[in-house]
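Here the protein sequences line up with chains D and A, keeping their order.
The first sequence begins at 1 in our numbering and counts up by one.
The second sequence begins at 1 in our numbering and counts up by one.
A few of these clues could be false.
[Said to hold, decoys possible] Which chain A residues face chain D? A few, computed with CB under 10 angstroms, are given here: (1) Arg31; (2) Lys42; (3) Glu45; (4) Phe48; (5) Pro80; (6) Ala84; (7) Leu87; (8) Trp93; (9) Asp99; (10) Phe103.
[Unchecked claim] Here are the computed lysine to aspartate or glutamate pairs in the EDC-like style, where the Cα-Cα straight-line distance is at most 20 angstroms: (11) Lys105/A - Glu69/D; (12) Lys63/A - Asp82/A; (13) Lys57/D - Glu69/D; (14) Lys57/A - Asp38/D; (15) Lys42/A - Glu24/D; (16) Lys105/A - Glu101/D; (17) Lys9/D - Glu72/D; (18) Lys70/D - Asp38/D; (19) Lys63/A - Asp39/A; (20) Lys57/D - Glu45/A; (21) Lys83/D - Asp59/D; (22) Lys79/A - Glu55/A; (23) Lys42/A - Glu9/A; (24) Lys105/A - Glu24/D; (25) Lys59/A - Glu101/D; (26) Lys57/D - Glu15/A; (27) Lys63/A - Glu24/D; (28) Lys9/D - Glu1/A; (29) Lys63/A - Glu1/A; (30) Lys9/D - Glu45/A; (31) Lys42/A - Glu101/D; (32) Lys105/A - Glu15/A; (33) Lys68/A - Glu1/A.
Hints were generated in silico from the structure; no laboratory data involved.
Don't be surprised by glycine CBs; every beta carbon is placed ideally from N, CA and C.
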Amino acid sequence: DGGITQSPKYLFRKEGQNVTLSCEQNLNHDAMYWYRQDPGQGLRLIYYSQIVNDFQKGDIAEGYSVSREKKESFPLTVTSAQKNPTAFYLCASSLRTGGNEQYFGPGTRLTVT
Amino acid sequence: EDQVTQSPEALRLQEGESSSLNCSYTVSGLRGLFWYRQDPGKGPEFLFTLYSAGEEKEKERLKATLTKKESFLHITAPKPEDSATYLCAVQSWSGGGADGLTFGKGTHLIIQP
Numbered sequence: 001d002g003g004i005t006q007s008p009k010y011l012f013r014k015e016g017q018n019v020t021l022s023c024e025q026n027l028n029h030d031a032m033y034w035y036r037q038d039p040g041q042g043l044r045l046i047y048y049s050q051i052v053n054d055f056q057k058g059d060i061a062e063g064y065s066v067s068r069e070k071k072e073s074f075p076l077t078v079t080s081a082q083k084n085p086t087a088f089y090l091c092a093s094s095l096r097t098g099g100n101e102q103y104f105g106p107g108t109r110l111t112v113t
Numbered sequence: 001e002d003q004v005t006q007s008p009e010a011l012r013l014q015e016g017e018s019s020s021l022n023c024s025y026t027v028s029g030l031r032g033l034f035w036y037r038q039d040p041g042k043g044p045e046f047l048f049t050l051y052s053a054g055e056e057k058e059k060e061r062l063k064a065t066l067t068k069k070e071s072f073l074h075i076t077a078p079k080p081e082d083s084a085t086y087l088c089a090v091q092s093w094s095g096g097g098a099d100g101l102t103f104g105k106g107t108h109l110i111i112q113p
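Here chain D stands alone, though its shape is the one from the complex:
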């Protein structure tokens, strides 16, 4: 079955620690995205990547970093510089950028205390 996987489903960290969220897709999509969802707010774009070894900042990139070494994988690191890291993180992919629908993974709920 083709799709997007995110792991783990739940993640707990202490304040001051960096944490990496995994995102893998086997849809052969070129573009991948990371969004953050908070209660009462719309999804907000953190980073996106159109091709391997290239990525762009979204609207709320501060405190986050990404890499795109393989087409299938787009991990997100939440650094200690992110002031409010507790949130639901969603990874998505699309065939190409520009007008193509994005397909989402199941999400990772990160709690930092």
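Given chain D, work out where chain A should sit, using these hints.
Structure of chain A alone, referenced to chain D:
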């Protein structure tokens, strides 16, 4: 800056009671408007893409329409399993900006048996 406003925030209907959800948008040039369904604790599920005013798409009890300023998601004779949060998102030809989607806050729909 792209903006998406969804109304109402929440809607409670009886099973079989048809209604519509609204998505008003402001973009510099619409590349695509997307509807998603999201169940609690899960990633959004893609429903429809609309590209130009006058376009309509249907899937089972759902029908999405598009004008130059807004989109409607019509739900005909809903069933309890249609209960979910429905998200609207836009992508624009803003050029040089993020290639991601701008989301509304969603409409939380409850269908009572």
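For each hint, the structure was consulted:
1. Interface hint status for arginine 31/A: upheld, as the beta-carbon distance to the closest one in chain D is roughly 5 angstroms, under 10 angstroms.
2. Satisfaction of the interface hint for lysine 42/A is found here, the shortest Cβ-Cβ separation to chain D being roughly 6 angstroms, below the 10 angstroms cut-off.
3. Checking glutamate 45/A against chain D by beta carbon gives a least distance of about 7 angstroms; that is within 10 angstroms, so the hint holds.
4. Evaluation of the phenylalanine 48/A hint against chain D yields a held restraint, the C-beta minimum of about 8 angstroms falling below 10 angstroms.
5. With a cut of 10 angstroms, the hint placing proline 80/A at the interface with chain D is violated, because the nearest CB-to-CB distance is about 23 angstroms.
6. Interface hint at alanine 84/A: violated, since its Cβ lies 14 angstroms from the closest Cβ of chain D, which is beyond the 10 angstroms cut-off.
7. A distance limit of 10 angstroms between C-beta atoms decides the matter here; for leucine 87/A the minimum to chain D is near 7 angstroms, and the interface restraint holds.
8. The restraint placing tryptophan 93/A at the interface with chain D holds, with a minimum CB-CB distance near 9 angstroms, inside the 10 angstroms limit.
9. The beta carbon of aspartate 99/A comes within 4 angstroms of a beta carbon in chain D, closer than 10 angstroms, and the hint placing it at the interface holds.
10. Interface hint status for phenylalanine 103/A: upheld, as the beta-carbon distance to the closest one in chain D is roughly 4 angstroms, under 10 angstroms.
11. This hinted pair does not check out: lysine 105/A and glutamate 69/D have alpha carbons roughly 33 angstroms apart, beyond 20 angstroms.
12. Note on lysine 63/A and aspartate 82/A: the hinted pairing holds, with a Cα-Cα distance of about 13 angstroms set against a maximum of 20 angstroms.
13. For a cut-off of 20 angstroms, the pair hint linking lysine 57/D to glutamate 69/D stands: about 17 angstroms separates their Cα positions.
14. With a C-alpha separation of about 29 angstroms, the suggested pairing of lysine 57/A with aspartate 38/D is violated against the 20 angstroms cut-off.
15. Taking the CA atoms of lysine 42/A and glutamate 24/D, the gap is near 16 angstroms; set against the 20 angstroms cutoff, the hint holds.
16. For the given pair, lysine 105/A sits about 18 angstroms from glutamate 101/D by alpha-carbon distance, which is consistent with the 20 angstroms threshold.
17. As the CA atoms of lysine 9/D and glutamate 72/D are separated by approximately 19 angstroms, the hinted pair is consistent with the 20 angstroms bound.
18. Between lysine 70/D and aspartate 38/D the alpha-carbon distance is near 29 angstroms, which puts this suggested pair outside the 20 angstroms criterion.
19. For a cut-off of 20 angstroms, the pair hint linking lysine 63/A to aspartate 39/A stands: about 19 angstroms separates their Cα positions.
20. In summary, the hint linking lysine 57/D to glutamate 45/A is not supported, as the alpha carbons are separated by about 24 angstroms, beyond the 20 angstroms threshold.
21. Our distance criterion of 20 angstroms between C-alpha atoms is met by lysine 83/D and aspartate 59/D, whose separation comes to about 15 angstroms.
22. For the proposed pair lysine 79/A and glutamate 55/A, the alpha carbon gap of about 25 angstroms is over 20 angstroms, so the pair is violated.
23. Note on lysine 42/A and glutamate 9/A: the hinted pairing holds, with a Cα-Cα distance of about 19 angstroms set against a maximum of 20 angstroms.
24. A C-alpha spacing of about 26 angstroms is found between lysine 105/A and glutamate 24/D, which places the hinted pair above 20 angstroms, so the restraint is violated.
25. This hinted pair checks out: lysine 59/A and glutamate 101/D have alpha carbons roughly 16 angstroms apart, not beyond 20 angstroms.
26. Of the supplied pair hints, the one linking lysine 57/D and glutamate 15/A is violated, its CA atoms being roughly 44 angstroms apart against a limit of 20 angstroms.
27. Proposed proximity of lysine 63/A and glutamate 24/D is contradicted: the alpha carbons are some 32 angstroms apart, above 20 angstroms.
28. A distance of roughly 33 angstroms separates the Cα atoms of lysine 9/D and glutamate 1/A; the hinted pair therefore is violated under the 20 angstroms criterion.
29. Distance hint between lysine 63/A and glutamate 1/A is unfulfilled; the C-alpha atoms sit about 28 angstroms from each other, more than 20 angstroms.
30. Between the alpha carbons of lysine 9/D and glutamate 45/A the distance comes to roughly 17 angstroms, so the proposed pair stays at or under 20 angstroms and holds.
31. Straight-line distance between C-alpha atoms of lysine 42/A and glutamate 101/D comes to about 18 angstroms, which keeps the hinted pair within the 20 angstroms bound.
32. A hinted pair counts as satisfied when its Cα atoms are at most 20 angstroms apart, and lysine 105/A with glutamate 15/A does not qualify at roughly 24 angstroms.
33. Of the supplied pair hints, the one linking lysine 68/A and glutamate 1/A holds, its CA atoms being roughly 17 angstroms apart against a limit of 20 angstroms.
The structure does not agree with the numbered hints 5, 6, 11, 14, 18, 20, 22, 24, 26, 27, 28, 29, 32 stated previously, though it agrees with the rest.
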